[in-house]
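Visitor: Okay, here's what each chain looks like letter by letter:
There are 2 protein chains.
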Amino acid sequence: MTSVLIIGGGGMIGQKLASSYTESETVSLLDMAFPENINSNAKKILGSVTDTSMVETALSDLPNTIFYLASVVSGEAEANFSKGWDVNIHAFWSFLSQIRDQNLKSEGQYKPIIIFTSSIAVFGSPFPNKISDDFLTAPRTSYGAQKACCELMLNDFIRKGFCEGLAIRLPTICVRPGKPNLAASSFFSGIIREPLNGLKANLPVSTDVRHWHASPRSAVGFLRHAENLCWSDITFNSALNMPGLSCTVEEQIEALRSIAGNQVVKLIEQNPDEKIIEIVKGWPRNFETKIALDLGFSAESSFGDIIKIYIEDDLQSNVIN
Amino acid sequence: MTSVLIIGGGGMIGQKLASSYTESETVSLLDMAFPENINSNAKKILGSVTDTSMVETALSDLPNTIFYLASVVSGEAEANFSKGWDVNIHAFWSFLSQIRDQNLKSEGQYKPIIIFTSSIAVFGSPFPNKISDDFLTAPRTSYGAQKACCELMLNDFIRKGFCEGLAIRLPTICVRPGKPNLAASSFFSGIIREPLNGLKANLPVSTDVRHWHASPRSAVGFLRHAENLCWSDITFNSALNMPGLSCTVEEQIEALRSIAGNQVVKLIEQNPDEKIIEIVKGWPRNFETKIALDLGFSAESSFGDIIKIYIEDDLQSNVIN
Numbered sequence: 010m011t012s013v014l015i016i017g018g019g020g021m022i023g024q025k026l027a028s029s030y031t032e033s034e035t036v037s038l039l040d041m042a043f044p045e046n047i048n049s050n051a052k053k054i055l056g057s058v059t060d061t062s063m064v065e066t067a068l069s070d071l072p073n074t075i076f077y078l079a080s081v082v083s084g085e086a087e088a089n090f091s092k093g094w095d096v097n098i099h100a101f102w103s104f105l106s107q108i109r110d111q112n113l114k115s116e117g118q119y120k121p122i123i124i125f126t127s128s129i130a131v132f133g134s135p136f137p138n139k140i141s142d143d144f145l146t147a148p149r150t151s152y153g154a155q156k157a158c159c160e161l162m163l164n165d166f167i168r169k170g171f172c173e174g175l176a177i178r179l180p181t182i183c184v185r186p187g188k189p190n191l192a193a194s195s196f197f198s199g200i201i202r203e204p205l206n207g208l209k210a211n212l213p214v215s216t217d218v219r220h221w222h223a224s225p226r227s228a229v230g231f232l233r234h235a236e237n238l239c240w241s242d243i244t245f246n247s248a249l250n251m252p253g254l255s256c257t258v259e260e261q262i263e264a265l266r267s268i269a270g271n272q273v274v275k276l277i278e279q280n281p282d283e284k285i286i287e288i289v290k291g292w293p294r295n296f297e298t299k300i301a302l303d304l305g306f307s308a309e310s311s312f313g314d315i316i317k318i319y320i321e322d323d324l325q326s327n328v329i330n
Numbered sequence: 010m011t012s013v014l015i016i017g018g019g020g021m022i023g024q025k026l027a028s029s030y031t032e033s034e035t036v037s038l039l040d041m042a043f044p045e046n047i048n049s050n051a052k053k054i055l056g057s058v059t060d061t062s063m064v065e066t067a068l069s070d071l072p073n074t075i076f077y078l079a080s081v082v083s084g085e086a087e088a089n090f091s092k093g094w095d096v097n098i099h100a101f102w103s104f105l106s107q108i109r110d111q112n113l114k115s116e117g118q119y120k121p122i123i124i125f126t127s128s129i130a131v132f133g134s135p136f137p138n139k140i141s142d143d144f145l146t147a148p149r150t151s152y153g154a155q156k157a158c159c160e161l162m163l164n165d166f167i168r169k170g171f172c173e174g175l176a177i178r179l180p181t182i183c184v185r186p187g188k189p190n191l192a193a194s195s196f197f198s199g200i201i202r203e204p205l206n207g208l209k210a211n212l213p214v215s216t217d218v219r220h221w222h223a224s225p226r227s228a229v230g231f232l233r234h235a236e237n238l239c240w241s242d243i244t245f246n247s248a249l250n251m252p253g254l255s256c257t258v259e260e261q262i263e264a265l266r267s268i269a270g271n272q273v274v275k276l277i278e279q280n281p282d283e284k285i286i287e288i289v290k291g292w293p294r295n296f297e298t299k300i301a302l303d304l305g306f307s308a309e310s311s312f313g314d315i316i317k318i319y320i321e322d323d324l325q326s327n328v329i330n
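Going down the list, the protein sequences come from chains A and B. For the first sequence, my numbering assigns the number 10 to the initial residue and increments by one for each residue that follows. For the second sequence, my numbering assigns the number 10 to the initial residue and increments by one for each residue that follows.
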């Protein structure tokens, strides 16, 4: 029987991932907080990944599959250096050590699948037009460095046979439901989500900015597909760029216009913000993800599809004309 | 006044590096053991890098330059998983944290130069004919993964302004003085050193094997040159492939023949060892090191020069005809 542990299960992707399992499957979630309306029969374990005993509790029923989504986000890791390294790598190391202990204690019988969410932040400029599967990981942020270290650690634990697994490097997830946040990337979702909810949205960069997107539904799809890979097919290092859609802000806006009309698009206001413009310049714009596509991972092929998924999965109100 | 700390100062390179400073310069060495005949006026601190208080002692007089050479070697890191990760990355992290504490305590006044010895083991096959400066780090050993993590950590500490520095990826150091060791690469030195000392040497691979070498004298040169770089010139990520010499075993042997004669070469015996053949297949063979050369790093251009350096710097007896 499938038993699944989602570390970071209280977050947006964690909740959607939990909901993707049937009631007959055993799903546990570990996180510091859970939203009140969390829609899941999952067992909820309240605690931090930095608390070894909480991780031990979460692992006590030896889950077959573990999704490790917990992370201090990019902006916070940059602002709070110690917290970023503590949560993003030292806690992950301690988690992997517990997996290894269980593997050795069971004489190799316990060998779970670990799917770790890495990020395209492991890459640093200068970039080619399309980033290939063997592009150098040279991060320019603490968050990117931490994710790259975790990839190296996971890869070594897999190589030594303590677990199976994969680190998947997610595109920017768009359209994120809920409220805008302080992430520099927040506007990529905001310029779609806010207008569809009848609210004004701020666009801090020019419309020719190109970026790499996938929907929350695709993110859950990546995680579920990764869980069911045939591990002997994986001959590359265990970190993989996920498919996505490369498009410009202008293409995002035109997709919104064709789905929701001119009046909705008029809610987007252009207010250039030099700080955000500078940050966004250092971000990857496009990828070729040959290995992932060959392994059967897939994402949206038009931004219109990404908007429709937001409307189907998350839009609560009914503002479309 | 220059004050220098060499962490791992009891090793072969550490000793040669210590001897490269004049008596008027303050040099401290931290290591678990020091050879009895160590030729240096340096202050010796006996202790492990895994002992936080010993590292604190070593840092107490705030050295301007710190060379971090301490490491569990490749074979041992592969055989003893926990020890490799503990010594090779957790101790390095703890060391960097102490540097950051001192930097913050001094309000940025204390900002030492940290030169870390990484390795070409950060690279994994498949390789191009020549590995470029922006080739992917995809290690296939625990040692390589640990070195790659340390590079990412050091880079982030440098980016945040807690220190200056560089990780330098050393070629295989050849000819190593002293006795053969259990490293799979030991024969690259052994087939030169043993015959020059009148002893039989074992060659476990075929003579067309190509590898990447630099002398111990070059290694010390890299470290001293790195110490004096102009940090504002460094715009790449802070890990850099060092120059070296790519040559085949046959070229090594022919260089030995032209320097020491046929009788000496006859002491080399070919005994193919499948295990070593397999390991060596996964090793880098050649590099272009454009950035390092542009920054003024240099190494030998012929294997004859590498042999002559061994004879000048290390050969004790006098067996050359």
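Since the hints were made in silico from the structure, they are not lab data. It is possible that some hints are incorrect.
It does not matter which identical chain is used: a pair holds within one copy or between any two.
Stated by the list, open to error - Only pairs whose alpha carbons sit at most 25 Å apart, straight line, appear in this in silico SDA-like list of lysine to any residue:
| id | residue 1 | residue 2 |
| --- | --- | --- |
| 1 | Lys-169 | Leu-191 |
| 2 | Lys-169 | Val-82 |
| 3 | Lys-290 | Trp-240 |
| 4 | Lys-299 | Ser-134 |
| 5 | Lys-299 | Phe-136 |
| 6 | Lys-284 | Arg-266 |
| 7 | Lys-169 | Glu-85 |
| 8 | Lys-169 | Asn-206 |
| 9 | Lys-92 | Glu-65 |
| 10 | Lys-114 | Leu-276 |
| 11 | Lys-120 | Lys-169 |
| 12 | Lys-92 | Ser-106 |
| 13 | Lys-188 | Asp-282 |
| 14 | Lys-299 | Asp-143 |
| 15 | Lys-114 | Glu-87 |
| 16 | Lys-139 | Lys-299 |
| 17 | Lys-317 | Ile-288 |
| 18 | Lys-290 | Asp-142 |
| 19 | Lys-299 | Ser-115 |
| 20 | Lys-299 | Arg-219 |
| 21 | Lys-290 | Gly-170 |
| 22 | Lys-284 | Lys-299 |
| 23 | Lys-92 | Lys-120 |
| 24 | Lys-120 | Leu-276 |
| 25 | Lys-114 | Glu-85 |
| 26 | Lys-53 | Ser-12 |
| 27 | Lys-169 | Trp-292 |
| 28 | Lys-169 | Arg-149 |
| 29 | Lys-317 | Glu-116 |
Visitor: Now tell me, hint by hint, if it's right for this structure.
Guide: Results for each hint:
| no. | hint | in the structure |
| --- | --- | --- |
| 1 | Lys-169 to Leu-191 | between (40 Å within a copy, 21 Å between copies) |
| 2 | Lys-169 to Val-82 | between (29 Å within a copy, 17 Å between copies) |
| 3 | Lys-290 to Trp-240 | between (36 Å within a copy, 24 Å between copies) |
| 4 | Lys-299 to Ser-134 | both (21 Å within a copy, 19 Å between copies) |
| 5 | Lys-299 to Phe-136 | both (17 Å within a copy, 19 Å between copies) |
| 6 | Lys-284 to Arg-266 | neither (28 Å within a copy, 64 Å between copies) |
| 7 | Lys-169 to Glu-85 | between (33 Å within a copy, 14 Å between copies) |
| 8 | Lys-169 to Asn-206 | neither (50 Å within a copy, 40 Å between copies) |
| 9 | Lys-92 to Glu-65 | both (21 Å within a copy, 22 Å between copies) |
| 10 | Lys-114 to Leu-276 | neither (59 Å within a copy, 49 Å between copies) |
| 11 | Lys-120 to Lys-169 | within (11 Å within a copy, 38 Å between copies) |
| 12 | Lys-92 to Ser-106 | both (20 Å within a copy, 13 Å between copies) |
| 13 | Lys-188 to Asp-282 | within (20 Å within a copy, 63 Å between copies) |
| 14 | Lys-299 to Asp-143 | both (10 Å within a copy, 20 Å between copies) |
| 15 | Lys-114 to Glu-87 | between (38 Å within a copy, 20 Å between copies) |
| 16 | Lys-139 to Lys-299 | both (11 Å within a copy, 24 Å between copies) |
| 17 | Lys-317 to Ile-288 | neither (28 Å within a copy, 52 Å between copies) |
| 18 | Lys-290 to Asp-142 | both (21 Å within a copy, 23 Å between copies) |
| 19 | Lys-299 to Ser-115 | neither (37 Å within a copy, 50 Å between copies) |
| 20 | Lys-299 to Arg-219 | within (20 Å within a copy, 31 Å between copies) |
| 21 | Lys-290 to Gly-170 | between (40 Å within a copy, 22 Å between copies) |
| 22 | Lys-284 to Lys-299 | neither (34 Å within a copy, 34 Å between copies) |
| 23 | Lys-92 to Lys-120 | between (30 Å within a copy, 22 Å between copies) |
| 24 | Lys-120 to Leu-276 | neither (51 Å within a copy, 49 Å between copies) |
| 25 | Lys-114 to Glu-85 | between (37 Å within a copy, 22 Å between copies) |
| 26 | Lys-53 to Ser-12 | within (14 Å within a copy, 55 Å between copies) |
| 27 | Lys-169 to Trp-292 | between (33 Å within a copy, 19 Å between copies) |
| 28 | Lys-169 to Arg-149 | between (29 Å within a copy, 10 Å between copies) |
| 29 | Lys-317 to Glu-116 | neither (49 Å within a copy, 52 Å between copies) |
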